[in-house]
Amino acid sequence: MSLPAANSLLVAAAGTGMAVSSAGFLATLFGTFVPVVFLVTLFIQSEARKAAESGSEGDKF
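Heads up: the sequence shown at position 13 corresponds to 65 in the working numbering, and the numbers run straight through without jumps.
Since the hints were made in silico from the structure, they are not lab data. Since the model is a prediction, treat every value here as computed from it, not as a measurement. For each residue, glycine too, the CB sits at the ideal point set by N, CA and C. Wrong hints could be hidden among the right ones.
What the hints assert, rightly or not - Across the chosen pairs, the derived CB separations fall in these ranges:
1. A71 / E105: 47 to 55 Å
2. T80 / A100: 25 to 33 Å
3. N59 / E99: 52 to 60 Å
Use the sequences and the hints to build the structure in full.
Next comes the structure, spelled out in structure tokens:
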């Protein structure tokens, strides 16, 4: 492949290769955000339950 042909291929790929639809971007964002919030909430609840069962008021932190 010659250099001008490779250059034009690279320019064409750079123009459309990184194109992202807004629906795909939002799906990725919410697909990451929702499970993280769920897991953080689950961790906080389990730590609160563990502290309540041991009689501690959170003095360990």
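Outcome of the hint check:
In this structure the supplied range 47 to 55 Å holds for A71 paired with E105, their Cβ-Cβ distance being about 53 Å. For the hinted restraint 25 to 33 Å between T80 and A100, the CB-CB distance of approximately 31 Å keeps it satisfied. Evaluation of the 52 to 60 Å hint for N59 and E99 yields a pass: the beta carbon distance comes to about 57 Å.
The structure meets every hint from the earlier list without exception.
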